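Visitor: The listed protein sequences derive, respectively, from chains A and B. Note that the numbering used here numbers the first sequence so that position 93 is 93, with each residue one more than the last. Note that the numbering used here numbers the second sequence so that position 51 is 51, with each residue one more than the last.
Some hints could be false.
Unchecked claim - DSBU-like cross-link-like pairs, simulated, lysine-lysine; straight-line CA separation at most 30 angstroms: (1) A:56 to B:42; (2) A:47 to B:35; (3) A:81 to B:35; (4) B:17 to A:104; (5) B:17 to A:93; (6) A:48 to B:71; (7) B:35 to A:93; (8) B:38 to A:47; (9) B:17 to A:96; (10) A:96 to B:20; (11) B:25 to A:55; (12) A:96 to B:42; (13) B:35 to A:48; (14) B:18 to A:93; (15) B:49 to A:48; (16) A:33 to B:35; (17) A:93 to B:61; (18) B:18 to A:96; (19) A:55 to B:35; (20) B:38 to A:39; (21) A:39 to B:20; (22) B:38 to A:93; (23) A:104 to B:18; (24) A:32 to B:35; (25) B:35 to A:56; (26) A:21 to B:42; (27) B:71 to A:75.
FYI, nobody ran anything at the bench for these hints, they're computed from the structure. As the structure is a computational prediction, the values presented were derived from the model and not from experiment.
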Amino acid sequence: MNTRYETVFILTPVLSDDQVKEAVTAVHDFLKKNGANVKHSEDWGLKKLAYPIQKKSTGFYQLVEYEAQGDFIAKFELEMKRDERIMRFLTVKMNKHHIDFAEKRRDQIPQRENQAARAKS
Amino acid sequence: MADSEIRYLQPINIEVKKEKYCRFKKMGIEYIDYKDYKFLLKFINEQGKILPRRVTGTSNKFQKRVSVAVKRGRHIAVLPYVADMLK
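Go ahead and model the full structure; you've got the sequences and the hints to work with.
Guide: What follows is the structure, given as structure tokens:
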């Protein structure tokens, strides 16, 4: 029975755009290769950090939500520790309240996007 | 003169006791998200410290979830560990 996890990771701002995409696809491929199916992934782009990490004050935030076996997480975190592009990551197990919160939040994203579009237009 | 009653410069206002309530129980929120820091800012003071229950009035069960969420938020640099004039 695989449980639902949510991982937020931050990439160093030094990377160019395609390096960021490459890093994200590397994570997604690692997830797929080891039998975790990705439910949802978000890119929050470049954001200011509340305190400097590794002497950097901004970072690319990525969120990925997936279903996996329990023992997969140790491998995944080891992989992320090895990757220097990832400055920091946090994996959280999702209970049922968290899951339906995430689903509700996912439906709101299109509304937020077209709100922003409407605001811009 | 001794029995002249004490006159105050201005009327003393009795602090009306505002009944505190746990906002999570009242609004039926079940999950506190560690990513949405605008909501968590309500639970930390200017220096970034977590506010005690007696100030925010939250119940014990949700105060624990708030502190877990704030600590996770601090880990992913969404909230500061130490801040000055955060608000």
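Visitor: Take a quick look at whether residue 55 (chain A) and residue 35 (chain B) sit within 30 angstroms of each other, Cα to Cα.
Guide: Within the cut-off at roughly 22 angstroms; holds.
Visitor: When you check the alpha-carbon spacing of residue 38 (chain B) and residue 39 (chain A), does it fall within 30 angstroms?
Guide: holds (26 angstroms)
Visitor: Compare the distance between the alpha carbons of residue 33 (chain A) and residue 35 (chain B) with 30 angstroms, and conclude whether the hinted pair is satisfied.
Guide: holds (28 angstroms)
Visitor: For a C-alpha distance cap of 30 angstroms, please report whether residue 17 (chain B) and residue 104 (chain A) respect it.
Guide: Since the Cα atoms of residue 17 (chain B) and residue 104 (chain A) sit roughly 37 angstroms apart, the hinted pair is violated (cutoff 30 angstroms).
Visitor: Is the Cα-Cα distance between residue 17 (chain B) and residue 96 (chain A) 30 angstroms or less?
Guide: violated (38 angstroms)
Visitor: Hint check: residue 35 (chain B) vs residue 48 (chain A), CA-CA at most 30 angstroms. Holds or violated?
Guide: Between residue 35 (chain B) and residue 48 (chain A) the Cα gap is close to 14 angstroms, so the pair holds against 30 angstroms.
Visitor: Check whether the Cα positions of residue 38 (chain B) and residue 47 (chain A) lie no farther apart than 30 angstroms.
Guide: holds (14 angstroms)
Visitor: Would the pair residue 35 (chain B) and residue 93 (chain A) pass a check requiring their Cα atoms to be no farther apart than 30 angstroms?
Guide: Holds - the C-alpha atoms of residue 93 (chain A) and residue 35 (chain B) are around 14 angstroms apart, at most 30 angstroms.
Visitor: Holds or violated: residue 96 (chain A) and residue 42 (chain B), Cα atoms, limit 30 angstroms.
Guide: holds (25 angstroms)
Visitor: Under the criterion that the straight-line Cα-Cα distance not exceed 30 angstroms, is the pair residue 21 (chain A), residue 42 (chain B) satisfied?
Guide: violated (35 angstroms)
Visitor: For a C-alpha distance cap of 30 angstroms, please report whether residue 35 (chain B) and residue 56 (chain A) respect it.
Guide: holds (20 angstroms)
Visitor: Within a Cα-Cα threshold of 30 angstroms, do residue 18 (chain B) and residue 96 (chain A) meet the stated pairing?
Guide: With Cα atoms ~34 angstroms apart, residue 18 (chain B) and residue 96 (chain A) exceed 30 angstroms; violated.
In summary, the numbered hints that this structure violates are 4, 5, 9, 11, 14, 18, 21, 23 and 26.
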